[in-house]
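Peer 1: Listed below are the residues making up each chain.
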Amino acid sequence: MKPFGYERPVDLAAAVTLLAERPDARVLAGGTNLVDLMRLGVERPGLLIDVNRLGMDGIEPMAGGGIRIGAGVRNSDLAGDIGVRTAFPLLAEAVLAGASGQLRNMASVGGNLLQRTRCLYFADTSKPCNKREPGSGCSALAGSSRELAVLGASESCIATFPGDMAVALSALGARVEFQTERGEHVVDIDDFYRDPGDHPELDTTLPPGAIITAVHVPGLPVSARSTYRKARDRRSFAFGLVTVAAALEVDDGIVQGVRLALGGVAHRPWRARRAEAELVGRPVAVAAIERAIDAELSEARPTPENAFKVPLVRRLVTGTLLRLAAEDGR
Amino acid sequence: MSVLGRPLARLEGREKVTGSARYAFESSPPGVLYAWIVQSTIANGTIREIDSGEALGMPGVRFVMTWQNALALNDAGDAELLVLQSRQISYRGQVVALVLAETLEQAREAAAQVSVTYDSEPADVSLSTTHPRLYAPAYTNAMFATDSVVGDVEAALGAAPVTIDATYSTPAAFNNPMEPHATVAEWHGDDLDLLDATQGTNWARETISAVFGLPPESVRIRSQHVGGGFGSKGPTRPNAVLAAMAARLVGRPVKIAYTRQMMFGLSGYRSPTISHIRLAAEADGRLTAVSHEAFGQVSPIQEFVEQTAVPTRHMYAAPNRLTTHRVVALNLPTPSYMRGPGETPGLYALESGMDELAAALGIDPVELRILNEPAIDPESGEAFSSRNLVGCLRRGAERFGWSARDPRPAVRRDGRWLVGTGVAASIYPADVVPSTARITAYPNGRFELAVNATDIGTGARTVVMQIAADSLGVEASCIDVRIGDTALPAAAPAGASWGTASWGWAIMKAGAALLEALQTTPRIPDSGLSVLSDTAEEVAAMTKMARFAFGAQFVEARVDLESGEVTVPRMLGVFAAGRILNPRTARAQFVGGMTMGLSMALHEDAVVDANAADYANRDFASYHIAAHADVPDIDVEWLDEEDGNITPTGGKGVGEIGMVGTAAAVANAVWHATGIRVRDLPIHPDKLIEQLPSPY
Chain X
1 MKPFGYERPV DLAAAVTLLA ERPDARVLAG GTNLVDLMRL GVERPGLLID VNRLGMDGIE
61 PMAGGGIRIG AGVRNSDLAG DIGVRTAFPL LAEAVLAGAS GQLRNMASVG GNLLQRTRCL
121 YFADTSKPCN KREPGSGCSA LAGSSRELAV LGASESCIAT FPGDMAVALS ALGARVEFQT
181 ERGEHVVDID DFYRDPGDHP ELDTTLPPGA IITAVHVPGL PVSARSTYRK ARDRRSFAFG
241 LVTVAAALEV DDGIVQGVRL ALGGVAHRPW RARRAEAELV GRPVAVAAIE RAIDAELSEA
301 RPTPENAFKV PLVRRLVTGT LLRLAAEDGR
Chain R
1 MSVLGRPLAR LEGREKVTGS ARYAFESSPP GVLYAWIVQS TIANGTIREI DSGEALGMPG
61 VRFVMTWQNA LALNDAGDAE LLVLQSRQIS YRGQVVALVL AETLEQAREA AAQVSVTYDS
121 EPADVSLSTT HPRLYAPAYT NAMFATDSVV GDVEAALGAA PVTIDATYST PAAFNNPMEP
181 HATVAEWHGD DLDLLDATQG TNWARETISA VFGLPPESVR IRSQHVGGGF GSKGPTRPNA
241 VLAAMAARLV GRPVKIAYTR QMMFGLSGYR SPTISHIRLA AEADGRLTAV SHEAFGQVSP
301 IQEFVEQTAV PTRHMYAAPN RLTTHRVVAL NLPTPSYMRG PGETPGLYAL ESGMDELAAA
361 LGIDPVELRI LNEPAIDPES GEAFSSRNLV GCLRRGAERF GWSARDPRPA VRRDGRWLVG
421 TGVAASIYPA DVVPSTARIT AYPNGRFELA VNATDIGTGA RTVVMQIAAD SLGVEASCID
481 VRIGDTALPA AAPAGASWGT ASWGWAIMKA GAALLEALQT TPRIPDSGLS VLSDTAEEVA
541 AMTKMARFAF GAQFVEARVD LESGEVTVPR MLGVFAAGRI LNPRTARAQF VGGMTMGLSM
601 ALHEDAVVDA NAADYANRDF ASYHIAAHAD VPDIDVEWLD EEDGNITPTG GKGVGEIGMV
661 GTAAAVANAV WHATGIRVRD LPIHPDKLIE QLPSPY
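Sequences listed follow chains X and R, in order.
Counting with this note's numbering, you get residues 1 to 330 for the letters of the first sequence.
Counting with this note's numbering, you get residues 1 to 696 for the letters of the second sequence.
Treat the hints with care, since some could be wrong.
Quick list of the computed label-pair ranges, beta carbon to beta carbon [claimed, not checked]:
| no. | chain 1 | residue 1 | chain 2 | residue 2 | range |
| --- | --- | --- | --- | --- | --- |
| 1 | X | Gly219 | R | Ala166 | 16 to 26 Å |
| 2 | R | Pro569 | X | Ile254 | 32 to 42 Å |
| 3 | R | Glu642 | X | Arg323 | 49 to 59 Å |
| 4 | X | Arg53 | R | Arg14 | 28 to 38 Å |
Taking lysine to aspartate or glutamate and the EDC-like style, the derived pairs with C-alpha atoms no more than 20 Å apart in a straight line are [stated by the list, open to error]:
| no. | chain 1 | residue 1 | chain 2 | residue 2 |
| --- | --- | --- | --- | --- |
| 5 | R | Lys687 | X | Glu305 |
| 6 | X | Lys2 | X | Glu43 |
| 7 | X | Lys2 | X | Asp50 |
| 8 | R | Lys687 | R | Asp605 |
| 9 | R | Lys16 | R | Glu179 |
| 10 | X | Lys2 | R | Glu102 |
| 11 | X | Lys2 | R | Glu105 |
| 12 | X | Lys2 | X | Asp24 |
| 13 | R | Lys544 | R | Asp431 |
| 14 | X | Lys2 | R | Glu54 |
| 15 | X | Lys2 | X | Glu133 |
| 16 | R | Lys544 | R | Glu642 |
These are computed hints drawn from the structure, not numbers from a lab.
These numbers come from a predicted model, not from an experiment.
Cβ coordinates follow ideal geometry from the N, Cα and C atoms, glycine included.
Sequences and hints are given; from them, build the entire structure.
Peer 2: Below you can see the structure in the form of structure tokens.
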């Protein structure tokens, strides 16, 4: 491993200043992804800036029934928070669907938002990867793509975002709060993630020198009846083949409100806005749901290896929404 | 009650769970250097140039070993061990250099700076049944005949009212013990001392002394604790040769360990297999022909032929039988021993085929197997020492509730799940090899057992203690056990399910002789009274018989109509493996074997990337092994089996019989649940989703 420095700034301002001074620095929270990538030689930071003691580990109520989740909150604490479990079941379920108990005890909310793709070629420095080494080529296009993207990919990258929590946050329309030397910023999660385009090396729009400080989840009546469904190759400790974060509000059999986001299908958590728009005002029925999800999938461009994700999305979304509709509240 | 048969806990259990048990890599002799392997990034071709200059200038780096400065090695029959002997590259990941530094991190970082250029040739990595370079090897692994033909299979297939013709395939399977391969090497003059993660130090010493041209007595190898092997630590691997060579060249002790990624290529693995199964039967279910044509891969440098069709030679009575093996050398790492070589992929194919035949005949799968039970070994014509497959099937059916089973597939719906059950039969050889053992009696009433057995996590240390205590008629607590060291009396490696029987026989012989010697010894000297046994003559004098353990696995599977995900809520294994010497550790072996079979059926999938000429997934995040959440509360039972025609231990070995039939039982249960026959493992959601009916 490349030798690296380690600093633990006393406050956020010091951390932001240090990060601005050291472009070769990486922010260290739980380290569950970063340290692995350092071992593999994918990440080669000259300095680690430890943000674990900056007091960003609280979950606080916000106006309108929302919550502000500190970036340093551990995944386990988030999933176990009674307020989260009650008001945002899909968020707690999504967090629990990820990784393993040990990893969730370490992994932070901020780090989880920034975890890197698990595309096999990104992790293997002996093979080309545009995300790891811009311009080197994409090994996945002609290689192993079973777990990779069917929506929004580009000629330069078909990687998927691997996380679960962010898919739920996307459905909830969360906002990401971060700090730079210029002050505090808040950005919609839709604008936080990006499609790969010609710059797959950029997972997010987070500017250099920024430290994520919190996630804002707005209070939404629809989120009380919500769930997270993950299809995977084994029952724990596996990234999703396809995941669905869904919230549904039904009155007299008619969809009043719906939130839908997909994981495992794109370079970003995929907010299925087209399907949402199709569903509102329609009855909760198989045909209507399938029509809506087909509209969302109309631009899917699967490879032969991951073509199964298209029917998988259709079935998972349909089943998940039907189950939510059948629930008599929670 | 005898000490044998008691469920004693592992002797070293506390040490292991508290972390005080020391594995090979945890030893750091003074002056030790850390080694890091540089692997080839092409799959076929030659090294043009290696530039170690930058690496050598880095902090702490002491030496970079390449083909240009390596020691010349002797061929010990395994080209995998001829590391750094030439420019030639035959598969991606082959060792091209070894960096030695004062710390692990320095060695690792410097390894990344070793610059290697290549002249690359096209690589061939695709196994198929029509590959033009397929050939018939001289024999399979374990020296079985490549082909065996009895009667006329084609004629029988043509004449039979019911036939099955199906092809089954399994992907490459990578053994991944928790402890990766590791060695600490230290030379004392011309004597070599190794701490090695190996399943057998006597075998390792034979290999190492041959490779380096040393007299065996100048090589000492120890393996006090070994964190799993599953065959991958049977033969010596490149890690031990690299460490010994490097230590020789730098004049300091050297330690090396594979990373998890290196385990996918440098430690051996099971070849992918393709099995073409053809079965012919009368309408009453009696088999008239069994044909099993197996295909696999070897590497360009070393032949290891998975004996996939061999179990089919012993399983069912049929007057006509064809079993063949064909392999092709591909630019992929060298296959080697992986738990239940031959039986594991072979029985997946055969036992899936039997399930298909049962469905075609309208006969219960348990009854079909019983109907075709042979009176003698179909291959050799020899009598079985004991064969209780029928007992396992009957007892399993009773315990599992098989009689209430509706044979129709795809008719049991529970919510969004389809539910089904499946069965498969298992067979594994009950072999024995010569061993020696020494027991010493001391005046204080204690005994020392010295036998070069290896405990790879199975409980071997505990069981050999029990056997010694039993042979002496004393409590287990009177025995001090010494294993895992070539300084001890030579013994069999832990593998092929033969360890306990082989060690045990030598221990029982030593115990009996010691008791006799004690009768005529009025006073035990302070230095102790020792007896050394050797079973070479007894093993050679065994009558020729067919000696096998048997078993039957029963599985319930649930398939999610929404996702194609398969879960297994219930598994039962019933085994006839002779006398069970320690129910606690034996149960762990059966459960562990069935878990590996489940993992093979549903999860493990080594993906060949033809473009990169490599296995694409080489870590635990991408090569999925069953997690706890996937594994049900596995129910295991064994029959009380007395077999007077095996070793005096009465045990047949329990290392592999638990695994070998399990994958077929899972696949058969998935078929019963869904009506979909997955003939290519693993059974991932994508192999089911498009064929499943709508869940709504």
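Peer 1: Each hint: holds or not?
Peer 2: These are the hints, each one checked on the structure:
1. X:Gly219 / R:Ala166: 16 to 26 Å: 58 Å, violated
2. R:Pro569 / X:Ile254: 32 to 42 Å: 38 Å, holds
3. R:Glu642 / X:Arg323: 49 to 59 Å: 55 Å, holds
4. X:Arg53 / R:Arg14: 28 to 38 Å: 37 Å, holds
5. R:Lys687 / X:Glu305: Given pair R:Lys687, X:Glu305 holds - Cα atoms ~11 Å apart, limit 20 Å.
6. X:Lys2 / X:Glu43: 9 Å, holds
7. X:Lys2 / X:Asp50: Holds, at roughly 18 Å.
8. R:Lys687 / R:Asp605: The hint holds at about 13 Å.
9. R:Lys16 / R:Glu179: 12 Å, holds
10. X:Lys2 / R:Glu102: 15 Å, holds
11. X:Lys2 / R:Glu105: Holds: X:Lys2 and R:Glu105 sit about 8 Å apart, inside 20 Å.
12. X:Lys2 / X:Asp24: Roughly 12 Å between the alpha carbons, so the hint for X:Lys2 and X:Asp24 holds.
13. R:Lys544 / R:Asp431: 12 Å, holds
14. X:Lys2 / R:Glu54: Judged against 20 Å, a Cα distance of about 14 Å means the pair holds.
15. X:Lys2 / X:Glu133: Within the cut-off at roughly 18 Å; holds.
16. R:Lys544 / R:Glu642: At roughly 18 Å apart (the allowed maximum being 20 Å), R:Glu642 and R:Lys544 satisfy the hint.
Going down the numbered hints, you'll see the structure goes against just number 1.
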